[in-house]
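**Student:** Sequence:
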Amino acid sequence: MNGALRVLAVHGIGHQDVDASWKEAWARAIEGAVQGWNPTRQVQVSFVPYDDLFARAPLGAAGWAEAIWKLLASGVSYGLGDLLHPGRGFLGLSDAARWTAGMIAQWVDSEKLRAAANRRVLDAISSTDAEVICAHSMGSLICYDAFIRDRGPATIAGRTFVSFGSQIGNPFVRGIFGGRLVPIRARRWRHLYNHFDRIFTTPLHIPDPNFRQIGTPFDIEGIDDHDALHYLTHPAAISGLWYELAGGAAARAVERSARAFSRLGAGPARRAMLVGINDYPDPQHRLEGCVNDVFLVSSMLQECGFLADDIRVVFDRRATARGILDRLEWLLDGAGAGDVRVFYYSGHGAQLPAYGAREEVDHLDECLLPCDFDWSAGRAITDNQFFELYSQLPYETRFVAILDCCHSGGMARDGGPRVRGLTPPDDIRHRLLRWEPDLRMWVPRDLERGRKGIGYARNRPSYTGSLGVTHRLGRSVTLRTLERGRYVRVRRQLGHRGPYLPVILEACGENQLSYEYRHGGTPYGAFTFALHEVFRGLLERGRPITFEGLRASAAGRLAELEYDQTPTVVGPRAIVESRIPWIG
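Quick note: to get the numbering used here, add 55 to the position in the sequence shown (first position is 1).
Since the hints were derived computationally from the structure, they do not count as laboratory data.
Treat the hints with care, since some could be wrong.
Said to hold, decoys possible - Okay, the calculated beta carbon distance ranges per label pair:
| id | residue 1 | residue 2 | range |
| --- | --- | --- | --- |
| 1 | LEU594 | PRO290 | 48 to 58 Å |
| 2 | ALA212 | GLN99 | 28 to 38 Å |
| 3 | SER182 | ARG111 | 18 to 28 Å |
| 4 | ASP337 | LEU494 | 48 to 58 Å |
| 5 | PRO272 | ARG495 | 54 to 64 Å |
| 6 | ARG544 | PRO480 | 37 to 47 Å |
| 7 | LEU284 | ALA110 | 21 to 31 Å |
| 8 | ARG174 | TYR450 | 54 to 64 Å |
Don't be surprised by glycine CBs; every beta carbon is placed ideally from N, CA and C.
Turn these sequences into a full structure, and let the hints guide you.
**Tutor:** This is the structure in structure tokens:
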């Protein structure tokens, strides 16, 4: 490989145009990383400034402030709540976080600014004929936005894009792309991710063979773990990125080995993960049939062709929030077009009053209750954790979530069937109430204020509940932030259908209860038992059925058993009305 490696560097946030010392440091780091693999390879690094574009862009005060709060809210919902100190809000952030939040909010709020920044980057690539584009933080947002629009795909074709310390996958940012990140036409896209980085960064899941995320963890006190040089010179970046770009015999040998290993990494076509929790810590919350449900569903799936090795289960005290999420990662990792993934949950559900970045309760989170649930977001399974695992799946993947629980709350009457949902304790319930002096009564707070104008779904109650304030499981509500008309327009421009939507079979309607049932002396979930009976009949007769047909048949069986619960199914209409791929 002859000639110098041409690299274009796009800086992050913090007035880099004023202090030019970063340029020399980046150039030395990149040259050292490349020549560590190929000592004779020269490196030519060019730089593209953009701070002047932000300085000239007007700040729309209302829109900018709202964007700031939404970005901070995405941090809270994404487990970055420790960025904000109670009572200090925006001022509680580090300098780097404040700069980042401000510039991202400004960029999101101004289409004119984004267009100008896109032109700046694309012109720089063309003028330098860069082979590699290295973009940090804000620079990575500008580059990605440029590469998916207008002349961007043609410009990045055949080149390598390296993003690091990036907010591309942040839920707030992803919303302006219609809730889904599309692949770029680069020869390679390498994303360096540090899970200690506190500046609104996230991992990426891009369903494209040219994309690979490289873990580059570092935890250094006092710098928010966002430093560009620590990313570029991390040992994992040296071995996982720069060898590809260096050329030479050693680098080519490592790349051949990596390609061979990646071909061996494909997962099985079918996987299932099943959760059953009877033994909650509080005796009055304990259930009886959940473990039985899991064995029933596992046997049913194995009779449908799932291998025992491809089904994982977790019960009771081992079903912590972390334990469930780790197994969900296993379930969905590597899922491709045509693969089948099944998640089954039997236990309690609830609605959790949730705070936004303004430190106000602004919505409810539907959640599944692990055994260590304590009415905090960190020990619940909400869609804020869940959507990161499924929202980027290929549309051709068949992911089904079956939930035998309810979110309405309720307690079993003495001698009556147990209910699979919890009512919040009074201190949590207080978040949803306000005192009405004229009535001298406690009345529900109005949470609809923040939901008006969001028209992304024709069947809105299926996504945000009957009052429009609930983040329902499996719907990616956090990513569906655009007004309906703009949402449709952006999806068409970028050539996608929005976040991946799984098929969700639920035991009952939004305001109903999910009950347990005793078959003789053996307890089960009433919904799961009805579902199993329908499955059994179908398998014996060798007949296929649609997801909607399965729901209707289970509803009929529950009615025969005189249970006042009607199962629901949500998902892409074409999938819901198509035959279930592992039956018949």
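**Student:** Could you run down the list of hints and mark each one as holding or not?
**Tutor:** Now the hints, each set against the structure:
1. LEU594 x PRO290: 48 to 58 Å: About 52 Å separates the Cβ atoms of LEU594 and PRO290, which means 48 to 58 Å holds.
2. ALA212 x GLN99: 28 to 38 Å: The hint (28 to 38 Å, Cβ to Cβ) is violated, given that ALA212 and GLN99 are roughly 21 Å apart.
3. SER182 x ARG111: 18 to 28 Å: holds, 21 Å
4. ASP337 x LEU494: 48 to 58 Å: violated, 34 Å
5. PRO272 x ARG495: 54 to 64 Å: Holds, at about 56 Å.
6. ARG544 x PRO480: 37 to 47 Å: Between ARG544 and PRO480, where Cβ atoms are some 45 Å apart, the hint holds.
7. LEU284 x ALA110: 21 to 31 Å: About 25 Å separates the Cβ atoms of LEU284 and ALA110, which means 21 to 31 Å holds.
8. ARG174 x TYR450: 54 to 64 Å: violated, 32 Å
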